[in-house]
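Counting from 1, position 27 in the sequence shown corresponds to residue 27 in full-length UniProt numbering; the numbering is continuous, with no gaps.
Since the hints were made in silico from the structure, they are not lab data.
Worth double-checking, as some hints may not be accurate.
[What the hints assert, rightly or not] Capping the alpha-carbon separation at 20 Å, the derived lysine to aspartate or glutamate pairs in EDC-like fashion look like this:
hint, residue 1, residue 2
1, Lys-62, Asp-74
2, Lys-60, Asp-40
3, Lys-62, Asp-35
4, Lys-92, Asp-27
5, Lys-116, Glu-168
6, Lys-97, Asp-3
7, Lys-50, Glu-115
8, Lys-97, Glu-29
9, Lys-65, Glu-55
10, Lys-77, Glu-21
11, Lys-162, Glu-151
12, Lys-76, Asp-43
13, Lys-65, Glu-115
14, Lys-116, Glu-48
15, Lys-113, Glu-48
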Amino acid sequence: MKDNFLIKIETWHKPDLGHQENVHGLDSETWKKVDVVYIDIADRSQVESKDYKPEEDPSKYKSVKTARGPLGPDWKKELPKKTDCPHMCAYKLVTVKFKWWGLQNKVENFIQKQEKRLFTNFHRQLFCWIDRWIELNMDDIRRMEEETRRELDEMRVKDPVKGMVALED
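Given the sequences, and given the hints that come with them, work out the whole structure.
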């Protein structure tokens, strides 16, 4: 399995709303095979029912510190008009290779679906948690990273597995 399984995620953050093509600079043959998936963090229909949390719904959340939100159905059209509101798009390139005859397409498609679910939930959280992180500086972030690393190392040793569970089709 060693050389026959790969999940690679590459990310570019751009100060736009996701309108650039091929930001990862793929060759034309590879680009033809790419399935571009747009995620709208305010669109409730993109969230699995078991993942939904009202407190992490950008269409309901209003930031106290920044006054951002809630995001309405036309938020992506309205945002460019707000020159005082920085924004960015996270362009994710997810490469999945699973070379096992008879299972390849099923496994690769399943992983891609779970990655979309993970990115959707994470970016919804990120927006709704803005008041927790908006005032952090790089020293704060590095300290939190180190604390998190230590906690995760401890958990790996003594706690049962936790986290997102893949959903069946």
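- Message: Can you confirm whether the C-alpha distance between Lys-97 and Glu-29 stays at or below 20 Å?
- Response: holds (17 Å)
- Below or equal to 20 Å on CA atoms is what counts here, so check Lys-60 against Asp-40. holds (14 Å)
- Would the pair Lys-97 and Asp-3 pass a check requiring their Cα atoms to be no farther apart than 20 Å? Since the Cα atoms of Lys-97 and Asp-3 sit roughly 9 Å apart, the hinted pair holds (cutoff 20 Å).
- Task: Would you mind confirming whether the straight-line C-alpha gap from Lys-77 to Glu-21 stays at or under 20 Å?
- Result: holds (19 Å)
- Task: Sort out whether Glu-55 lies within 20 Å of Lys-65, counting only the CA atoms.
- Result: Distance of about 16 Å is within 20 Å: holds.
- Below or equal to 20 Å on CA atoms is what counts here, so check Lys-62 against Asp-74. holds (16 Å)
- Query: Taken at face value, is the distance from the CA of Glu-168 to the CA of Lys-116 at most 20 Å?
  - Reply: Between Lys-116 and Glu-168 the Cα gap is close to 14 Å, so the pair holds against 20 Å.
- Query: Holds or violated: Lys-113 with Glu-48, Cα cutoff 20 Å?
  - Reply: holds (11 Å)
- Does Lys-116 pair with Glu-48 here, judged by a C-alpha cut-off of 20 Å? holds (11 Å)
- Message: Between the alpha carbons of Lys-76 and Asp-43, is the straight-line distance 20 Å or under?
- Response: Since the Cα atoms of Lys-76 and Asp-43 sit roughly 11 Å apart, the hinted pair holds (cutoff 20 Å).
- Task: For the pair supplied as a hint, Lys-50 and Glu-115, confirm whether the alpha-carbon distance does not exceed 20 Å.
- Result: holds (16 Å)
- Restraint status (C-alpha distance of Lys-162 to Glu-151 at most 20 Å): holds (13 Å)
The earlier numbered hints that this structure contradicts are 3 and 13.
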